[in-house]
Structure formats: structure tokens, C-alpha cells
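Student: Sequence:
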Amino acid sequence: MGDTHSDWVTRDSRVVWHGFTQMAAYADNAPIIVDHADGRELVDVEGRRYLDAISSLWVTTLGHRVPELDEALRTQIDRVAHTTMLGHGNTVTVELAEALAAVVPVDRPHTLFASDGAEAVEQALKIAFQHWTNRGIAGRDRYLAFSGAYHGDSIGSLSLGSGGFGTDVFDPLRFPVVRAPFGDLEATAALIAAHADQLAAVVVEPLVQGAAGMALCSPEFITGVADACRAHDVLLVCDEVATGFGRTGTLFAVEQCGVRPDLLCLGKGITGGYLALSATVVSERVYEAFLGADLSEMTLYHGHSYSGNALACAVALRHLELFDEQDVLANVAARSAQLAAALAERVAPLGPVLEVRQRGLMTGIELAPPAEGLRWGRRVSAACVERGVLIRPLGDVIVLMPMLTSTAAEIDRIVDAVASSITEVTAA
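In the numbering used here, the protein residues as written are 15 to 442.
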């Protein structure tokens, strides 16, 4: 017999620091300690199974232990695990960049790889700024971002974000941005016009602000923002770290808006949840501003030790191929429709539910506690976990992010757990 769940929690607490977690209360909040995974389920150290209804914080797309992705990883290990991309190349990294170039909604793209979404955004900020500098245009050192925005936790990405999540302590480190109301095209267009000579770029999460509790905007809003950027010669950065790779029903959310951004940030689902990888995809017109003499000031002096990691790129390449081979987006459409109907019938009518917001398989169920401090979001999520469905809330918004390959039975299982948990917790 191995260590019990309690033993593992004790060992964990002694040496690990979990992000966005108050470690003084960690052990009291019944954390799951995963031993292994099977398909779309996680199995803990005592054999209990949990349907992973948040895709392991939105990164896992096709399931855990996908045979084709496992094989891609094994094959690449027999070739090379990692080589530097600083001034040199690797065949599988080139192949992934070629495959992305064929599908991303960016004109004649070039891709700079990193390891997580926040860094993909950080790269975009530096590229956008230096693009103007290299063109000899001064004063373009501000960014326009939106209310409710979240772009990561590095200083630049945190500055773009609108705060929350207990990050106010870092306000003295954040640089100022022009803040526009998400979804309000008239106000946004006016701000772009008024600050155009200061703006390096507008940065937006297209269609869904995930960390804002699945706040939605219309495709027309994103189209209008892109039009305003074009009219005033401002770069457009679309942060699809969360929305990319099928989550909203198309491979990339901006496809539903008819928009081709100047820079596109990718992460989370890019490797199907296997390895840390992200990418900043840049249009040719932005990229060309960096071409010049060797060792000149035109060079982007930015890069990372693990940029373009061969193992991650091999998995990401095979993952992209599986979207077509398995007709993944067709399943997303079917399961999205099923989820919408089930939530409308079983969850939306519940008294404590203020609103259900959904785009594709990205869903937020906002609860309306009658008094502060009831912590309904956390308690409902804990009740779901007790029913074998892993959920993580954003405040009092219950976030559902089923995997793209979820079955009809699994969608029913998720809705059953959520409906029963809301009823149980809010009746107390």
C-alpha cells in the first residue's frame, strides 16, 4: 500500500507552493492529488475518478493519454529533446511553424515560440512597441486594453489586465493603459481615435474573456475594433491563449469575426495539454520592420532558453493534425449544442442562477448569492468534485470547460453534477 491521500497532502504542503492558493488553508480544502489519468478522467492516489470538466485549467483538448500524442512524444525523444532556437533551428519546430502558418488567421505569418500564454503576450507587447521604434515613429508606447481583461501574470500582461484575483498588491508595478469598456464599440472606437498617436497596439481577447467569468462580446464588436485599428494605423493583438484551438467552435475565435490580427497570441491548448508551449504569431508587415543589418538595433533582442522546444513542438504538430483526422470541431459543435440545451433546461431556471454564458464549450454559470461571504462558487464546485466532476470557480461563476472530445454521456454527467450541486448548496 502506498501513501494515503492525507499523506500526500502533507508531503505536498511541506514542499510545494501552489499558484492562486492560500497555502495556510490548502490542506483544509480537500485538494485532489492525481496519480494518473484515463481519457477525460483523473484518478487520485486512492483510486477515485473525476471527470476533468475544466480541461486541467483549459489546456487539455483531446483527453489525457491520447495514443497519437503519446507516440509523437516517444518518437521525438528518440531524435532530440531540445535544441536552442537562438540563431539556430530544429526540423520539428520548423514543421510546426509551417503547419500553424497554414491555419492561423494572420497574413504571411512568422512565429516566435515561448512557454506559456503570459509570455506570448509579453512578446507581443515588446514586438508591437519595437515595430514602431524600428519604423522611426516615436511616442507609440501605450496599449489599449479592456475592462474585465486578463492576459497573464507577468508584469506586462498583468498591466493589460483589469485587476482582480488578489493582484491589486502589484498595482505599483503595473504600467498605465488606455482602458476601454469591453463590448462597447462606440466608446472603444472613440478611444482608439483619441489616442492613436500614442498606441502601440490594442490587445483584446476575441469573443470570450475567460478569466472574467466567460464575459461575451459579439463578433461584430471584434470586427469593429479591427476596423478602428486599421483606420488609425494601430496594431491589433488578439490574445487567443484561452479561446484558441477549438474552444469557441472554430479553430480560432477570430475566424467568426472575419478579422486577421497583426499579432496572435497562442498557448494553453496548443499541445493538447501535454507540454508547456506558447506562440506569438506576427504578420509579415510587422515582422519586416525588424529586418536590417546583423547585430543592428533593428533586431528583436528577446528569446528564451526553451523557446521552440522540440518535444513540445512535436506534440503540438501531431495535435494540430488530429483536429482534421478526428473531425474534432464537428464534435465541438454537437456537444456545444447539447450543453446549451441541457443548461437551458436544467440549470438556467434555478433561482440562484443569475446568468448562463456560453460560446462553444466555454461556459460560465453566474450565481447570485443573496448576501456576501456565502462563497457559493467555491462550495458548488466542491460539491461537484464530491460527485466526481472536477470544476473550478471564478468567484461566484461556475466555469465549465469540457474537453473537445467529450461524449454526450459526459456532458450529461457534468450538467447533472452542476444542477444537483447548485440545488444542494443554495438550499442550505
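Hints in this document: simulated from the structure, not taken from any laboratory. Every value quoted in this text rests on a predicted model; they were computed, and no experiment measured them. Hints should not be assumed to be uniformly reliable.
Okay, derived cross-link-like pairs now, EDC-like style, lysine to aspartate or glutamate, Cα gap no bigger than 20 Å in a straight line [stated by the list, open to error]:
(1) Lys140 / Asp155
(2) Lys140 / Asp84
(3) Lys140 / Glu400
(4) Lys140 / Asp49
(5) Lys140 / Glu359
(6) Lys140 / Asp130
(7) Lys140 / Asp26
(8) Lys140 / Glu109
Student: All hints, please: hold or fail.
Tutor: Going through the hints against the structure:
Between lysine 140 and aspartate 155, the direct Cα distance comes to roughly 10 Å. Compliance with the 20 Å bound is thereby established for this hinted pair. In summary, the hint linking lysine 140 to aspartate 84 is not supported, as the alpha carbons are separated by about 35 Å, beyond the 20 Å threshold. With a C-alpha separation of about 45 Å, the suggested pair lysine 140 and glutamate 400 falls outside the 20 Å cut-off, and the hint is violated. Restraint check: the Cα-Cα separation between lysine 140 and aspartate 49 comes to about 40 Å, which exceeds 20 Å; the hinted pair is violated.
Taking the CA atoms of lysine 140 and glutamate 359, the gap is near 47 Å; set against the 20 Å cutoff, the hint is violated. A distance of roughly 16 Å separates the Cα atoms of lysine 140 and aspartate 130; the hinted pair therefore holds under the 20 Å criterion. About 37 Å separates the Cα atoms of lysine 140 and aspartate 26, which puts this hinted pair outside 20 Å; it is violated. Restraint check: the Cα-Cα separation between lysine 140 and glutamate 109 comes to about 25 Å, which exceeds 20 Å; the hinted pair is violated.
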